[in-house]
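In terms of this note's numbering, the sequence shown opens at residue 1032 and continues consecutively.
Treat the hints as calculated values from the structure; they're not laboratory data. Just so we're clear, the structure is a prediction, and the values are computed from it rather than from any experiment. Some hints could be false.
As the list claims (entries may be wrong) - Capping the alpha-carbon separation at 25 Å, the derived lysine to any residue pairs in SDA-like fashion look like this:
1) Lys1276 - His1266
2) Lys1405 - Arg1418
3) Lys1301 - Gly1225
4) Lys1364 - Leu1378
5) Lys1301 - Ala1362
6) Lys1224 - Asp1183
7) Lys1047 - Glu1105
8) Lys1276 - Glu1189
9) Lys1388 - Ser1370
10) Lys1228 - Leu1199
11) Lys1301 - Cys1326
12) Lys1388 - Thr1336
13) Lys1224 - Lys1325
14) Lys1276 - Pro1340
15) Lys1301 - Ser1269
16) Lys1235 - Val1358
17) Lys1364 - Val1377
18) Lys1222 - Ile1260
19) Lys1388 - Cys1326
20) Lys1235 - His1214
21) Lys1405 - Ala1420
22) Lys1325 - His1356
23) Lys1235 - Gly1163
As the list claims (entries may be wrong) - Okay, the calculated beta carbon distance ranges per label pair:
24) Lys1325 - Glu1427: 29 to 39 Å
25) Ala1431 - Asp1379: 34 to 44 Å
26) Glu1408 - Val1377: 31 to 41 Å
We treat Cβ as the ideally placed atom computed from N, Cα and C, and that holds for glycine.
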Amino acid sequence: MSAAGDLDPTQLPSPKGGWSESMTVLRNVTVVPPVESSMVQAAGLLREDGSYCHEGALWRRHRPITTEPDMPKEITQKIPGRWLWGGVLWAHFGHFLVESTARLWALANLDAPVDGVLFIPKRPAVRDQVRGFQSEFVGLMQKDLPIRVAADPAMVEELVVPGQGFGLGDITEATPKYRNAIHAQFARDIKPKGPEKLYISRSKLGLGKGGLLGEEQMEAYLAAEGYEIYHPQEHSLSAQLARYKAARKVIAADGSALHLYAMVGRPDQKVAMVLRRKSTAHTLLTDNVRHFCKCDPLVIGALRTEWVPKDNQRSSRLSFGELDHSVIGRALKDGGFISGGENWPVLDDDARQSVLKDKGIKSNRFVESPAFQKAREEQERAERRARRAARRARREAREAAQNDG
1032 MSAAGDLDPT QLPSPKGGWS ESMTVLRNVT VVPPVESSMV QAAGLLREDG SYCHEGALWR
1092 RHRPITTEPD MPKEITQKIP GRWLWGGVLW AHFGHFLVES TARLWALANL DAPVDGVLFI
1152 PKRPAVRDQV RGFQSEFVGL MQKDLPIRVA ADPAMVEELV VPGQGFGLGD ITEATPKYRN
1212 AIHAQFARDI KPKGPEKLYI SRSKLGLGKG GLLGEEQMEA YLAAEGYEIY HPQEHSLSAQ
1272 LARYKAARKV IAADGSALHL YAMVGRPDQK VAMVLRRKST AHTLLTDNVR HFCKCDPLVI
1332 GALRTEWVPK DNQRSSRLSF GELDHSVIGR ALKDGGFISG GENWPVLDDD ARQSVLKDKG
1392 IKSNRFVESP AFQKAREEQE RAERRARRAA RRARREAREA AQNDG
């Protein structure tokens, strides 16, 4: 593992600085997009002399997921002007926020303007497609700044290559320059608009996105407490950010929306996150909110069980957590988010089966998590042992009393 703030770009990007806060300017650089759709891809930047520019690589946790490519046999396009290297352009909303924006901190630190932000596609089949939320985000960082995607090998006249200031791993807390740039420039013209209590929901995302079983019931309880039930995917980024700025209390199912919230969140706002799966993935999200917003979010793990794909029986983004509303209600009340909550009921068997049916959790596609089944069986055995021990203790007490008599 690299030392904090290491200047060597072959080492981990660090939230302490080092090469993560550096800027390298290259001329006549070759941009090489990936040719295979996989997690780790040969793609990136080759200098004019053919050497690899390590500063342009995308790191995730403890390794780069873009690696040194071969020099292309043919360069099909030349891009004139001065551009900012954006890196890998993700179509997935959460990965876009955390990994595709990792170099935009440079926009607040440039000594000369750029003609736009240059990316390579994560998936080669996507080619040069730019989605609305991607261009809107960059526009909220700097108005009217174009995005360009190099889907084929290209020669760029001048390219500013910032270090990776954000991402997944230790760098999730981001460098000071990244956080400062986001706080200074991102969405600064968006005015707060909306209620003081907000629940950021996943209930309309559909079966392919994973989710929370019993979320609609929880939403009904929260609505009775004065919370707006908000479905961010139905709104523009600007509308979402206006809501997030206005709310004083924010409750959310863990997911990508909290990455966006963190970029405009404040220490005076209260944030609670309801976990939707048995996974350590939420720790990165928690760290993101904590370091950007300067507050400690309330993390509520209240799953009765988890339903996982039958052909891959482990917790993942496709699994469904089944909520224990009684635990959530008590945690939210204790945390100062709601006034009631002590008596939120757990779903009975009929309601539970109805939820499973409504969500399409069919036995030929999903099964209950083996880890939860094992834990429940162990708990039931422990409870049986405790009952036997209690009966034995009562019997021994009666016998002792009789002997004393």
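A quick look at each hint next to the structure:
Among the hinted pairs, Lys1276 with His1266 is consistent with the structure: their alpha-carbon atoms are about 15 Å apart, no more than 25 Å. With a C-alpha separation of about 20 Å, the suggested pair Lys1405 and Arg1418 falls inside the 25 Å cut-off, and the hint holds. For the suggested pair Lys1301 and Gly1225, the alpha carbons sit about 16 Å apart, so the restraint of at most 25 Å is met. Taken as a hint, the Lys1364 and Leu1378 pair is honoured in the structure, with Cα atoms around 19 Å apart against an allowance of 25 Å.
With a C-alpha separation of about 13 Å, the suggested pair Lys1301 and Ala1362 falls inside the 25 Å cut-off, and the hint holds. About 42 Å separates the Cα atoms of Lys1224 and Asp1183, which puts this hinted pair outside 25 Å; it is violated. Straight-line distance between C-alpha atoms of Lys1047 and Glu1105 comes to about 39 Å, which puts the hinted pair past the 25 Å bound. A threshold of 25 Å between alpha carbons decides the hint, and for Lys1276 with Glu1189 the separation of about 37 Å lies outside it, so the pair is violated.
For the given pair, Lys1388 sits about 32 Å from Ser1370 by alpha-carbon distance, which is inconsistent with the 25 Å threshold. For the hint linking Lys1228 to Leu1199, the alpha-carbon distance of about 29 Å lies beyond 25 Å, and the restraint is violated. Between Lys1301 and Cys1326 the CA atoms are separated by roughly 8 Å; this keeps the pair inside 25 Å, and the hint holds. Of the pairs offered as hints, the one joining Lys1388 and Thr1336 holds, with about 16 Å between alpha carbons and a cut-off of 25 Å not exceeded.
A hinted pair counts as satisfied when its Cα atoms are at most 25 Å apart, and Lys1224 with Lys1325 qualifies at roughly 22 Å. At roughly 37 Å between alpha-carbon atoms, Lys1276 and Pro1340 are farther apart than 25 Å, so this suggested pair is violated. Pair hint Lys1301 plus Ser1269 holds up; C-alpha atoms about 21 Å apart against a cutoff of 25 Å. With a C-alpha separation of about 23 Å, the suggested pair Lys1235 and Val1358 falls inside the 25 Å cut-off, and the hint holds.
Taken as a hint, the Lys1364 and Val1377 pair is honoured in the structure, with Cα atoms around 16 Å apart against an allowance of 25 Å. Restraint check: the Cα-Cα separation between Lys1222 and Ile1260 comes to about 20 Å, which is no more than 25 Å; the hinted pair holds. Proposed proximity of Lys1388 and Cys1326 is contradicted: the alpha carbons are some 39 Å apart, above 25 Å. Among the hinted pairs, Lys1235 with His1214 is inconsistent with the structure: their alpha-carbon atoms are about 30 Å apart, more than 25 Å.
Among the hinted pairs, Lys1405 with Ala1420 is consistent with the structure: their alpha-carbon atoms are about 22 Å apart, no more than 25 Å. With a C-alpha separation of about 28 Å, the suggested pairing of Lys1325 with His1356 is violated against the 25 Å cut-off. Restraint check: the Cα-Cα separation between Lys1235 and Gly1163 comes to about 20 Å, which is no more than 25 Å; the hinted pair holds. In this structure, Lys1325 and Glu1427 break the distance hint of 29 to 39 Å, their C-beta atoms being roughly 56 Å apart.
In this structure the supplied range 34 to 44 Å holds for Ala1431 paired with Asp1379, their Cβ-Cβ distance being about 42 Å. Roughly 19 Å separates the CB atoms of Glu1408 and Val1377, a value that falls outside the hinted 31 to 41 Å.
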